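Enquirer: Listed below, chain by chain, are the residues.
2 protein chains.
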Amino acid sequence: MKKFIFILSLFVFSKVDSQNTDSLTLRKIYDFYLTESKCYKNLEQLCTTIGGRLSGSPQAEKAVYWAKKAMYDAGADTVYLQPCMVTHWVRGAKETCVLKSSQIKSSQDLNIIALGGSVATPSIGLTSKIIEVKSFDELEKLGENNIKGKIVFYNVFFNEKNISTGQSYGETVKYRYSGASKAAKYGALATVVRSMSSAKNDSPHTGAMGYDSTVSKLKIPSFALSFTAADVLSEALKKDESLTLTLKCYCQSLPEVLSYNVIGEVKGTEKPNEYIITGGHLDSWDNGQGAHDDGAGVVQSIDVLGLFKKTGIKPKHSVRAIAFMNEENGLGGAKAYAKETEEKKWKHIAAIETDAGGFTPRGFNIDTLTGLYKLALKWKPLFSPYFIENIDKDGGGADIGPLEKFGVPCIGYRPDGQRYFDIHHTADDTFDKVNKRELELGAAAIGSLIYLIDKYK
Amino acid sequence: MKKFIFILSLFVFSKVDSQNTDSLTLRKIYDFYLTESKCYKNLEQLCTTIGGRLSGSPQAEKAVYWAKKAMYDAGADTVYLQPCMVTHWVRGAKETCVLKSSQIKSSQDLNIIALGGSVATPSIGLTSKIIEVKSFDELEKLGENNIKGKIVFYNVFFNEKNISTGQSYGETVKYRYSGASKAAKYGALATVVRSMSSAKNDSPHTGAMGYDSTVSKLKIPSFALSFTAADVLSEALKKDESLTLTLKCYCQSLPEVLSYNVIGEVKGTEKPNEYIITGGHLDSWDNGQGAHDDGAGVVQSIDVLGLFKKTGIKPKHSVRAIAFMNEENGLGGAKAYAKETEEKKWKHIAAIETDAGGFTPRGFNIDTLTGLYKLALKWKPLFSPYFIENIDKDGGGADIGPLEKFGVPCIGYRPDGQRYFDIHHTADDTFDKVNKRELELGAAAIGSLIYLIDKYK
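Protein chains in written order, with the numbering used here: chain S, 251 to 707; chain P, 251 to 707.
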């Protein structure tokens with residue numbers, strides 16, 4: 251019995267001791283991030299000296315070499331440019347939208363933006379009547395008789411009642427992504443969609459759209475109206491169903507071009523050929539600076555290299571920071587990383603994606619694969635002093651998603667999401683919208699999680 | 251045994267049923283706030299049509315009548331103006347601070363603001379050498395020999411390592427509040443203090459200071475430098491200890507004036523003479539618009555009246571929304587409410603204060619008095635779908651604090667605090683810094699807590 255108690259007490263003490271060690275290490279990690287982190291300075295550089303960096307653009311190319319340097323500066327043992335073929339869509343000159351109505355004597359300009367992937371209008375513009383719909387069901391019910399020759403206006407609101415703004419986005423983004431082909435099927439000439447946001451302002455939100463040739467062979471131009479412009483149009487239609495919009499955009503889809511994911515690595519001391527990765531995407535839309543989406547994720551990921559190089563904490567496994575290319579409109583980078591993973595049989599212990607903005611951290615969404623979710627639940631008390639309370643099931647993101655088929659547990663970093671869709675894909679996604687402490691606390695949360703995964707997996 | 255199981259199952263079912271009812275009611279409450287709340291519109295009005303509203307000012311008086319109308323508009327059964335005597339300090343013309351050094355050929359203006367309660371400098375200004383200190387200990391060690399005839403510069407940084415920014419504020423605010431008398435004791439002519447913030451910008455943060463005649467009979471002018479200006483001064487002192495500052499301010503402390511707390515009430519259906527109260531403060535500093543501090547708390551409190559009037563949810567106890575006056579520099583309103591509570595033997599079931607900004611909700615800090623804290627812990631699963639995870643001990647705030655001596659359990663609403671001290675008491679505390687959803691979710695959290703307290707206490 252005595253021996254049993256002795257062993258039990260050893261076990262209990264060693265468990266308490268291990269929790270204490272982890273607690274002290276997390277404090278050390280947070281101290282590093284809150285006083286020595288370069289992520290805010292890095293983000294300022296990326297946003298203000300390079301700015302928006304759509305795949306295939308000169309800015310995206312600059313960003314690749316910027317990321318490489320930033321990773322070496324952070325202390326990476328190696329930085330690798332991983333080739334990938336990326337979408338090369340260009341916006342051309344600024345789009346215009348003019349509303350004309352017999353009720354409104356003078357014409358009115360509405361704030362609009364072409365969606366990524368859209369074809370151009372004829373150079374003289376495209377003028378037509380409008381048909382407003384609230385859903386795909388309604389579109390189908392209206393059918394060719396009512397739609398042919400018109401511009402379809404998807405006037406679908408963000409559901410403000412959802413607590414998760416991501417859920418509201420998920421419910422409405424289909425009108426942006428798939429709306430054009432579905433409307434073209436009934437002979438529509440173009441589509442305009444209400445911006446995916448609950449922020450009642452005049453900034454239109456761009457984002458990817460795709461043509462589905464199984465739905466319609468016709469490719470029609472596709473736009474997003476600002477929240478305010480969508481209100482104006484909807485109100486005007488109530489007074490005058492026969493009003494017209496004149497739409498102009500100058501977009502072009504060019505052949506794919508070579509670009510790169512940027513992968514910085516700190517070698518593991520015990521298992522250098524096993525990887526824990528964290529990444530954000532380096533490309534962004536062209537209209538803003540790509541600050542929250544996703545400069546924040548890139549600089550938070552780069553910071554992990556600094557953590558392991560500057561605090562004396564040595565990872566057993568190799569740790570990679572990845573600046574993925576082409577998340578916004580093609581996932582060329584994600585595909586290239588998954589392909590090389592398969593070819594080289596890279597073993598990943600875990601993959602973290604940070605692509606939800608540089609806001610105050612709330613937690614992580616973690617795959618139930620390989621028991622990582624259950625393990626992470628035990629770490630809740632370690633995170634609690636840092637106000638991180640949400641360890642939930644299901645994880646990942648677009649860039650690491652293709653790794654799931656290899657059994658890699660994927661994790662989505664989850665910051666507070668209330669402000670994200672106010673600026674998402676708009677000209678307002680700029681550096682000044684990011685708070686230094688919120689960004690750093692997010693980086694610290696990710697660094698802490700990697701430390702724990704490295705130690706216990 | 252069967253009977254026992256029958257009774258047990260009744261108990262279990264009734265508990266589950268009650269949780270379901272509460273869960274549905276909370277959803278209804280959140281739906282109200284996210285779609286029908288007037289708090290954001292109210293805040294816009296208060297901030298942009300009235301603006302900064304220091305106690306005793308014409309703006310503060312306007313705000314009283316604005317709050318009265320807003321409470322009636324929200325559906326209050328009665329609105330009561332509760333008289334209180336308030337501090338009447340006026341800033342006068344804008345302060346100036348000029349740094350002159352033999353090393354720096356030209357003089358340099360530094361961004362500065364007089365602290366609330368400060369006396370004026372002589373009208374020609376006050377010019378003197380500087381002595382920089384990092385703590386009161388250092389001040390005392392330097393003593394009269396080193397301090398007499400100089401301006402004391404409290405150059406104490408916010409501790410960036412604290413996760414709670416409120417903790418950093420608590421650690422440094424003593425230099426702002428008590429620094430003048432402690433320096434005057436050793437013959438200092440004035441004090442300048444580094445602004446209480448970790449935001450590295452050029453906006454000085456004002457706030458209350460007080461003279462302590464038991465420390466020194468002399469009242470010397472007292473200022474806050476912006477973060478940037480404090481850096482400039484500290485760097486300049488390293489090169490030239492004999493540099494001078496010329497300080498000018500024109501403040502005056504006038505006799506106390508009559509003002510009001512504004513109390514809106516929805517009558518309880520069963521216990522109309524027992525109260526649940528929620529309040530913020532209507533006064534603000536004069537340099538900004540008092541948006542986060544504490545217009546947000548006022549409009550969130552007013553919204554509770556709307557909740558009970560417009561959703562059909564009837565409170566058993568009377569519910570009061572209170573717009574307190576004079577929180578920033580005297581607590582005249584808090585004292586008046588406590589006095590009338592004592593005189594009229596008002597019975598309070600609970601008191602909530604919302605004075606930490608209109609940011610995303612994180613939770614509540616709750617007094618352990620009367621078992622409310624333990625009861626609230628049981629409500630955690632109800633709040634969890636709304637990402638409210640922190641139900642912690644200890645509560646209250648400056649305005650409801652005086653009620654604790656009557657045994658009233660006090661509760662502090664706790665939003666995310668990372669951005670608060672970036673703008674606190676500065677010209678940047680303006681309406682545009684408040685996010686609509688974050689403000690509304692805070693109001694919904696408070697409304698939900700009041701519903702639960704009303705039902706279970």
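Note that these hints are calculated values from the structure, not bench results. Any given hint could turn out to be false.
Copies of the same chain are indistinguishable here, so a pair counts whether it falls within one copy or spans any two.
Stated by the list, open to error - Here are the computed lysine-lysine pairs in the PhoX-like style, where the Cα-Cα straight-line distance is at most 25 angstroms: (1) K655 x K398; (2) K630 x K643; (3) K585 x K705; (4) K278 x K291; (5) K291 x K411; (6) K643 x K628; (7) K683 x K585.
Remember, predicted model here, so these are calculated numbers, not experimental data.
Enquirer: Measure nothing new, just compare the shortest in-copy and cross-copy C-alpha distances for K655 and K398 to 25 angstroms and report within, between, both or neither.
Expert: neither (43 angstroms within a copy, 74 angstroms between copies)
Enquirer: How would you label the pair K643, K628 (within, between, both, or neither) given a Cα cut-off of 25 angstroms?
Expert: Both: 14 angstroms inside a copy, 23 angstroms across copies.
Enquirer: When Cα atoms must be at most 25 angstroms apart, do K585 and K705 count as within-copy, between-copy, both, or neither?
Expert: neither (29 angstroms within a copy, 55 angstroms between copies)
Enquirer: When Cα atoms must be at most 25 angstroms apart, do K291 and K411 count as within-copy, between-copy, both, or neither?
Expert: Classified as between; 18 angstroms across copies, 36 angstroms inside a copy.
Enquirer: With identical chains treated as interchangeable, where does the CA-CA distance between K630 and K643 reach 25 angstroms or less: within a copy, between copies, both, or neither?
Expert: both (14 angstroms within a copy, 19 angstroms between copies)
Enquirer: Check K683 against K585 for me: Cα-Cα at most 25 angstroms, and say if that holds within a copy, between copies, both or neither.
Expert: For K683 and K585, the Cα distance exceeds 25 angstroms both inside one copy (31 angstroms) and across copies (40 angstroms).
Enquirer: Since the copies are identical, ignore which copy is meant and state whether K278 and K291 lie within 25 angstroms (CA to CA) inside a copy, between copies, both or neither.
Expert: Classified as within: same-chain Cα gap 21 angstroms, cross-chain 44 angstroms, threshold 25 angstroms.
This entry does not satisfy hints 1, 3, 7, going by the numbered hints stated previously.
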